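Peer 1: The chain contents come next:
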Amino acid sequence: MKLTGSEIIMECLLQEGVHVMFGYPGGAILPTYDAMTKYDDRLHHVLVRHEQGASHMADGYARATGEVGVCIATSGPGATNLVTGLATAMMDSSPILAITGQVPIPAIGSDAFQETDVTGVTLPITKHNYLVTDVRDLAYTMKEAFHIARTGRPGPVLVDVPKDVQLAQTEFEYPEGEIVLPGYHPPSSAEESEVSDALRLIEESERPIILAGHGIMMSGATRELRELSERAQIPVALTLLGKGGMPEDHPLVIGMMGMHGEASANLAIQEADLLIALGMRFDDRVTGNLKTYALNARKIHVDIDRSEINKNVRADVGIAGDLKTVLLQMLPKLKPKSNPDWIGRIRDWLEDSSERDILNYETPGRLLTAQVINDIWEQTQGEAITVTDVGQHQMLEAQYYPHQRPSTLLTSGGLGTMGFGFPAAIGAKFGKPDEEVWAIVGDGGFQMTLCEMATAAQENVNVNIAIINNFFLGMVRQWQELFYEKRYEATPLFNPDFCKLADAYRIPNRRVTKRDEIADAVQFARDIDGPTLIEFVVEKEEMVYPMVPAGADLHDMKRRPKPGEG
Amino acid sequence: MTSQVDINKVTVVALVENEPGVLNRIASLFRRRAFNIDSLTVGRTHKPHISRMTIRVVAGPEYARKIATNLEKLVNVIDVRVLDNEPHVERDLALIKVRNDDANSRNTITEICDRYPARIVDVGPKVAIIEMVGTEEILEEFIDEVRPTGIVEMIRTGVVSMGRGTRIHDTNFTRRDLAKIQDELSAGGNGNLI
Chain A
5 MKLTGSEIIM ECLLQEGVHV MFGYPGGAIL PTYDAMTKYD DRLHHVLVRH
55 EQGASHMADG YARATGEVGV CIATSGPGAT NLVTGLATAM MDSSPILAIT
105 GQVPIPAIGS DAFQETDVTG VTLPITKHNY LVTDVRDLAY TMKEAFHIAR
155 TGRPGPVLVD VPKDVQLAQT EFEYPEGEIV LPGYHPPSSA EESEVSDALR
205 LIEESERPII LAGHGIMMSG ATRELRELSE RAQIPVALTL LGKGGMPEDH
255 PLVIGMMGMH GEASANLAIQ EADLLIALGM RFDDRVTGNL KTYALNARKI
305 HVDIDRSEIN KNVRADVGIA GDLKTVLLQM LPKLKPKSNP DWIGRIRDWL
355 EDSSERDILN YETPGRLLTA QVINDIWEQT QGEAITVTDV GQHQMLEAQY
405 YPHQRPSTLL TSGGLGTMGF GFPAAIGAKF GKPDEEVWAI VGDGGFQMTL
455 CEMATAAQEN VNVNIAIINN FFLGMVRQWQ ELFYEKRYEA TPLFNPDFCK
505 LADAYRIPNR RVTKRDEIAD AVQFARDIDG PTLIEFVVEK EEMVYPMVPA
555 GADLHDMKRR PKPGEG
Chain B
20 MTSQVDINKV TVVALVENEP GVLNRIASLF RRRAFNIDSL TVGRTHKPHI
70 SRMTIRVVAG PEYARKIATN LEKLVNVIDV RVLDNEPHVE RDLALIKVRN
120 DDANSRNTIT EICDRYPARI VDVGPKVAII EMVGTEEILE EFIDEVRPTG
170 IVEMIRTGVV SMGRGTRIHD TNFTRRDLAK IQDELSAGGN GNLI
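Top line first, the protein sequences correspond to chains A and B.
Numbering-wise (the numbering used here), the first sequence opens with residue 5 and increments by one.
Numbering-wise (the numbering used here), the second sequence opens with residue 20 and increments by one.
In case anyone wonders, no lab produced these hints; they're calculated from the structure.
Treat each hint with caution, since some may be false.
[What the hints assert, rightly or not] Straight-line Cα separation of at most 25 Å, PhoX-like style, residue types lysine-lysine; simulated pairs:
| # | chain 1 | residue 1 | chain 2 | residue 2 |
| --- | --- | --- | --- | --- |
| 1 | A | K490 | A | K566 |
| 2 | A | K147 | A | K42 |
| 3 | A | K566 | A | K544 |
| 4 | A | K147 | A | K6 |
| 5 | B | K28 | B | K66 |
| 6 | A | K315 | B | K28 |
| 7 | B | K66 | A | K328 |
| 8 | A | K315 | B | K85 |
| 9 | A | K147 | B | K92 |
| 10 | B | K92 | B | K66 |
| 11 | A | K436 | A | K328 |
| 12 | A | K436 | A | K490 |
| 13 | B | K85 | A | K295 |
| 14 | A | K315 | A | K328 |
| 15 | A | K315 | B | K66 |
| 16 | A | K341 | A | K328 |
| 17 | A | K544 | A | K490 |
[As the list claims (entries may be wrong)] Reference listing, derived: stretches of chain A covered by chain B, where coverage requires no fewer than 3 residues with Cβ under 8 Å from a Cβ of chain B:
| # | stretch |
| --- | --- |
| 18 | 120-129 |
| 19 | 309-316 |
| 20 | 502-514 |
Note that this is a predicted model, so its numbers are computed, not measured.
Think of the CB as a built atom: it goes at the ideal place given N, C-alpha and C, for glycine as much as any other residue.
Please model the entire structure based on the sequences and the hints provided.
Peer 2: See below:
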């Protein structure tokens, strides 16, 4: 049967199990939007208010489900508006497929209306991209694109489709069988010698620690991680994106590592004699100064991306492979082990670092972000999917909302994209309609993508927005306080009345200024089947502690002054 | 300008799909990872869908491995090999236009060319073009000798390399597109040979 390129795109999406796509129409993608009318019953299109929102929604969908999230935009400005979302997904290995319209082939290169070299622009921020110049290549390209997005180290893939290719007709047949690409062979299992080397290092270690990253969840290796940790009694520190990789109430989990990580986790890393890095990439926010990082430790590094091995930290045993596969190779030969002294020491540090706990500070008439996060955690029984934006609230979420299940904290880690949280939460809710979803955002980041309130209202998406409003770009202000002698240039914010704004979008809302109002407001939001907004007016000049200043040694943490000090 | 061949140069050979934009992807990778290219050559192989690149970089072996693992990540890059640890043949080609306007310089040029695998491929009353093929080291040496006679124009292709012996660097992969084109050709249609 002959189909148009546009119809082929729809058919391919269905073949790949897509039910929802996030997009915005325009001239060069109109044939594809026209084709949607025939597929309305099977493919739901969510109309966003800005293409950046579409890219973050696809990303949130992908992170929540592990499936490929789809966004769609027109040529030129439509496509360039996806750029931030693609870069975000690239840095955090999130599988998204972006479909963009392009001017007709004869017009390409002529500076036609709304023409941009989109494959050129997105080259460094996609895992791969395509410009389809022949409708006969379209189905195969779509299949390849999905394959590349979701396999190996996942990432964003963009398919740019000229308008005449969307209109051209050809016989449609979805390619059967596995995609075989000459230059694309993601590693899977480890060499036997690598496995035995890794096991030997574990056996020889006295102070081992596991650094668990995003790869745990991408590979579906949560059970294997837990078994490794329990059988060899190895404490687990989590990266920001690794949160949820092991239940945080597990006695062997010692919390998040890095710039705003638990002091105990950072100290343990610096004291360890073995790091077992699983599906993480030694980001500078995790290591601090590389010259003084974990100097006493040998390193085992397992990652699906071979180029990550020895990139920042030299591995004694570097294994390029799928984490679950590699752990399953290791576990049968892993001997039980116990490290009571080591675990005891870490426990002492835990006690010590709990001094940072500000939940129980007397704060009459003031509201602290940590209290808000903690109370949302209590009200939601720690079971919600939380999607954060970037900044102080993000770090405090990571510190005060323990996650028990994988893929329940969605956050822009690598790129640190302000404006990510709210649209990503909408995408996550589409992916996990039965889960409770909270967008926890700052007053700065929220204003970057708040136009998506219209999307949430139009679709009646049951997402609860918690705005942590301190009338500051809080994290930048924190740096200005610490490193720029409190010269608060361009960080105080004149904000709209967020509740009135929500009213304008017909979104039910509350404002909270005292701690005893939190529980009630959270319950109000939970009871409504649709978007809600709660504005938490918090202390203006809060700090996030502990903090390893950029480039400082990991053990050189600034600690929270005790009440009455500083 | 230094005539010394940097001892820290390494050679990376990559087999890539002969597709539009592949060179751009590789150049973009080098730029964004801040790898420094000394020379890059690309050309077709005996298989029409496969091109081969020889990339020379000023780098240590560790750095070369980083480059190789990053190149391998590109979907259109089929295979990458760092050549320095295996015996290999390398060749660079230069076209050098030199002043040729008096008997003295003519004699000097002829004399130098006789001692190298070089030949004069174009002679005019004022200038001549020399073609010189060899390893990078020999080229540098030759250029140093010719320089005093007055080089007015020069171009080098950059190094191409191939491992010695039976360790063949090739791929048996046949692309879908090629298979399609071959099908079309054998069916008597007009193959859309891009």
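Peer 1: Next, verify each hint and record whether it holds.
Peer 2: Each hint, compared with the structure:
{"no.": "1", "hint": "A:K490 - A:K566", "result": "holds, 21 Å"}
{"no.": "2", "hint": "A:K147 - A:K42", "result": "holds, 21 Å"}
{"no.": "3", "hint": "A:K566 - A:K544", "result": "holds, 19 Å"}
{"no.": "4", "hint": "A:K147 - A:K6", "result": "holds, 18 Å"}
{"no.": "5", "hint": "B:K28 - B:K66", "result": "violated, 29 Å"}
{"no.": "6", "hint": "A:K315 - B:K28", "result": "holds, 20 Å"}
{"no.": "7", "hint": "B:K66 - A:K328", "result": "violated, 38 Å"}
{"no.": "8", "hint": "A:K315 - B:K85", "result": "holds, 7 Å"}
{"no.": "9", "hint": "A:K147 - B:K92", "result": "holds, 19 Å"}
{"no.": "10", "hint": "B:K92 - B:K66", "result": "holds, 22 Å"}
{"no.": "11", "hint": "A:K436 - A:K328", "result": "holds, 24 Å"}
{"no.": "12", "hint": "A:K436 - A:K490", "result": "violated, 43 Å"}
{"no.": "13", "hint": "B:K85 - A:K295", "result": "holds, 19 Å"}
{"no.": "14", "hint": "A:K315 - A:K328", "result": "holds, 22 Å"}
{"no.": "15", "hint": "A:K315 - B:K66", "result": "violated, 34 Å"}
{"no.": "16", "hint": "A:K341 - A:K328", "result": "holds, 21 Å"}
{"no.": "17", "hint": "A:K544 - A:K490", "result": "holds, 13 Å"}
{"no.": "18", "hint": "120-129", "result": "holds (count 4)"}
{"no.": "19", "hint": "309-316", "result": "holds (count 6)"}
{"no.": "20", "hint": "502-514", "result": "violated (count 0)"}
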